[in-house]
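J.: Same order as they appear, the protein sequences are chains A and B.
Per this note's numbering: the first sequence = residues 1 to 266.
Per this note's numbering: the second sequence = residues 1 to 474.
Do not rely on the hints blindly, as some may be mistaken.
Derived DSSO-like pairs (lysine-lysine); straight-line CA-CA distance at most 30 angstroms [what the hints assert, rightly or not]:
1. B:26 - A:191
2. B:29 - A:157
3. A:191 - A:157
4. B:26 - B:42
5. A:191 - B:74
6. B:29 - B:9
7. B:42 - B:29
8. B:9 - A:157
9. B:42 - A:157
10. B:382 - B:413
11. B:42 - B:413
12. B:413 - A:191
It is worth saying that the hints were derived from the structure and are not from the lab.
Nothing here was measured: the structure is a model prediction, and the numbers come from that model.
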Amino acid sequence: MNDAPSCPPNPRVGLFVTCLVDVFRPTVGFAAVKLLEDAGCTVEVPATQTCCGQPAYNSGDRADARELARQVIAAFEDFDYVVVPSGSCGGTLKQHYPPLFDGDPAWQARAERLSAKTFELVSFLTDVLGVERVTARYPGAVTYHDSCSGLRELGIKSQPRRLLATVADLDLREMAESEVCCGFGGTFCIKFPELSNRMVSEKVAHIQATEADTLLAGDLGCLLNMAGKLQRDGSAIQVRHVAEVLAGLTDAPAIGEPDRGDPPCK
Amino acid sequence: MQVTSQTFKSNASAALRDAALQRALKNLKAGFPGKRAAAIAKLPEFDALRAAGRDLKDHTLEHLDFYLERFEAKVIEQGGQVHWARDAAEARHIVLDICRAVAARRVTKGKSMISEEIGLNEFLETHGIQPVETDLGEYIIQLRHEYPSHIIAPAIHLNRDQVADAFHAHHGPYGFTERNEEPRALMNEARQVLRQQFLSADVGITGANFCVAETGATVIVTNEGNGDLTQTLPRVHIVLASLEKMVPTLEDVSTLLRLLIRSATGQEITVYTTFSSGPRRPDDLDGPEQFHVVLLDNGRSGMLGGEFQDMLRCIRCSACMNHCPVYGAIGGHAYGWVYPGPMGSVLTPQLIGIDAAGQLPNASTFCGRCEEVCPVHIPLPKMMRHWREREFEQHRSPAAIRFGLGAWAFFAKRPALYRIATRFGAWLLRRLGGREGRIKHLLLAGGWTAWRDLPTPQGQTFQQQWAARRGARS
């Protein structure tokens with residue numbers, strides 16, 4: 001609880017949904033809202049958010065990355081906190097926005113202010129709000145993959161495990177090499193599909209060796225990659241974002257699983 | 001050597017299908033990372049040492065001209081000579097001239113990546129001088145006409161049976177007619193063959209892990225003792241070093257050695273740490289008559305003061321490649337030139353140009369493991385990103401990627417349009433996936449669906465559902 005003294009009792013939190021959660025897995029967004037509201041936050045979701053700009057930034061396109069960063073900063077700078085259900089997008093806002101504005105002191109100062117109040121969802125709950133337990137129940141054996149940016153840019157390692165330990169009936173089984181990249185890497189998986197496939201194949205072997213029935217992680221990009229590989233291999237392991245389990249929102253089919261109810265689009 | 005970095009992607013494909021290589025790479029992954037971790041766990045001050053190592057390398061780079069001149073003066077004071085080489089061709093000719101001046105026919109060599117960088121062996125051979133690698137790994141790949149696939153374990157891509165084959169093919173003339181596959185026997189065989197070479201060499205060439213400005217000494221760390229025989233037995237000792245090998249004092253060498261060895265092999269110290277200070281003095285029992293240091297620039301001075309300066313802190317420990325999931329999948333040869341792995345992906349475009357090496361800094365997920373283990377805190381992902389920026393600015397990125405990014409950025413910068421586009425995209429993908437919840441083949445995403453399913457969106461976008469929920473609440 002390092003930041004506790006400056007944390008208002010009912011902080012106004014801006015939720016940066018992330019483009020992948022917005023399109024592929026809204027349940028993660030609602031799980032984030034629930035966890036934050038349960039912890040006493042007022043949550044708002046600015047409609048002018050799109051993407052943090054990481055695809056442009058990591059492709060060497062600084063101009064577009066800066067323009068998207070300005071858009072995010074303008075949309076979120078009035079909140080007490082900015083919370084992101086992704087270590088990768090969170091890392092972009094927190095670690096990469098300030099140096100993106102080298103030579104532009106006005107925007108750099110705004111980027112630094114945003115950076116200081118931006119947190120990945122699970123670490124925000126534990127490290128800032130001091131949440132020590134959740135009320136959810138999840139019967140089953142789960143294994144947790146440490147997504148690279150969350151782990152190495154934001155120091156997220158024990159936080160999700162601490163909260164998962166308080167989920168009723170949940171049995172956490174560590175996989176071998178949980179800190180090794182799953183091979184997603186944003187545009188990497190498109191530019192070097194064979195390499196990406198090799199990396200995710202090794203990851204999936206480690207996941208299956210745990211005999212867990214559910215795989216969790218904190219980043220939807222990695223989760224889509226690992227889920228797609230598990231399912232192509234015919235595995236029955238369910239794949240979910242860690243926020244879904246912590247919030248108890250596990251009624252929806254897991255990532256890439258068939259609908260159990262009526263197909264809404266046909 | 002032939003540069004093949006241009007075809008990195010197809011090199012990587014071939015490497016993934018090379019069963020022998022894949023067998024050998026398993027040993028690498030099982031070996032280096034665990035040994036490093038164990039060594040560091042026993043050294044509580046490792047993080048403080050890393051900071052000290054970074055700072056002392058930064059200090060040296062900030063005052064590199066001063067330390068280079070100081071080093072040169074000290075070498076001369078001890079009776080040695082310093083030769084300045086602007087590029088690979090100059091370095092090769094300097095070495096050739098020194099060899100010719102003593103009518104050298106055979107040159108023994110300790111392990112040196114600078115020698116690989118300047119393509120010295122081929123050059124000497126074409127001028128009638130026989131170079132003999134004496135590091136066991138280097139010796140093996142020399143027999144096989146290969147180049148190193150790793151900066152400290154040059155033959156890591158090979159298995160024992162391949163070494164046995166190479167020795168069996170070449171050691172007949174030395175009396176070894178039986179094919180041997182037992183490691184100790186293979187080592188003894190190499191030792192006996194190499195001993196004859198050591199004793200008949202006219203010139204010995206080594207690299208340098210450090211050049212000490214304070215004393216004019218060069219330092220090498222080895223585990224086989226071949227470096228010592230290479231540099232003390234022949235009449236002439238030539239040290240090949242690049243500019244950034246400079247360190248101010250012996251005390252600094254000690255700091256960097258503690259970082260280097262643990263990060264490299266996981267040892268606390270190598271079997272041999274050899275300091276070379278000038279030629280044999282009158283009361284020395286042995287040593288060379290001549291001592292030469294060739295200091296190579298080859299593009300490094302151009303990195304000073306720029307966004308790649310931090311790369312010059314590199315002490316060549318190989319921890320970045322030992323922990324890189326991409327290197328671990330394909331080995332070093334796929335990178336197509338001398339320096340593989342993350343450090344190579346930053347250095348190679350500088351040394352041979354972004355035209356040839358542009359794919360290398362792209363071949364990273366930015367997982368950050370390389371930076372995490374770097375003993376001198378080199379921000380390798382950040383510098384790979386700098387190369388991507390240069391590539392993008394110079395319109396060198398592939399057209400399809402540029403087009404895709406451009407289209408995505410067009411919408412991402414226009415939130416209202418973006419919301420419409422994402423609604424449509426989510427609807428379309430979900431329709432394509434049908435009841436299955438995933439897509440098995442998707443046009444324009446073949447790289448993804450060739451290997452894995454694509455999970456489809458759940459339904460409406462989060463923003464759609466959130467807006468509806470807000471509307472319902474108010």
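J.: Does each hint hold? Answer for all of them.
T.: For each hint, the structure was consulted:
1. For the proposed pair residue 26 of chain B and residue 191 of chain A, the alpha carbon gap of about 25 angstroms is at most 30 angstroms, so the pair holds.
2. At most 30 angstroms may separate the alpha-carbon atoms for a hinted pair to count; residue 29 of chain B and residue 157 of chain A meet this at roughly 23 angstroms.
3. Distance hint between residue 191 of chain A and residue 157 of chain A is fulfilled; the C-alpha atoms sit about 29 angstroms from each other, no more than 30 angstroms.
4. Of the pairs offered as hints, the one joining residue 26 of chain B and residue 42 of chain B holds, with about 25 angstroms between alpha carbons and a cut-off of 30 angstroms not exceeded.
5. Note on residue 191 of chain A and residue 74 of chain B: the hinted pairing is violated, with a Cα-Cα distance of about 51 angstroms set against a maximum of 30 angstroms.
6. The hinted pair formed by residue 29 of chain B and residue 9 of chain B meets the criterion: a straight-line CA distance of about 22 angstroms does not exceed 30 angstroms.
7. With a C-alpha separation of about 21 angstroms, the suggested pairing of residue 42 of chain B with residue 29 of chain B holds against the 30 angstroms cut-off.
8. For a cut-off of 30 angstroms, the pair hint linking residue 9 of chain B to residue 157 of chain A is broken: about 33 angstroms separates their Cα positions.
9. The suggested pairing of residue 42 of chain B with residue 157 of chain A holds, with an alpha-carbon distance near 22 angstroms, which does not exceed 30 angstroms.
10. The straight-line distance between the Cα atoms of residue 382 of chain B and residue 413 of chain B is roughly 24 angstroms, inside the 30 angstroms bound, and the hint therefore holds.
11. Between residue 42 of chain B and residue 413 of chain B the alpha-carbon distance is near 51 angstroms, which puts this suggested pair outside the 30 angstroms criterion.
12. For a cut-off of 30 angstroms, the pair hint linking residue 413 of chain B to residue 191 of chain A stands: about 24 angstroms separates their Cα positions.
Consistency with the previously given hints fails for numbers 5, 8, 11, ordered from lowest to highest.
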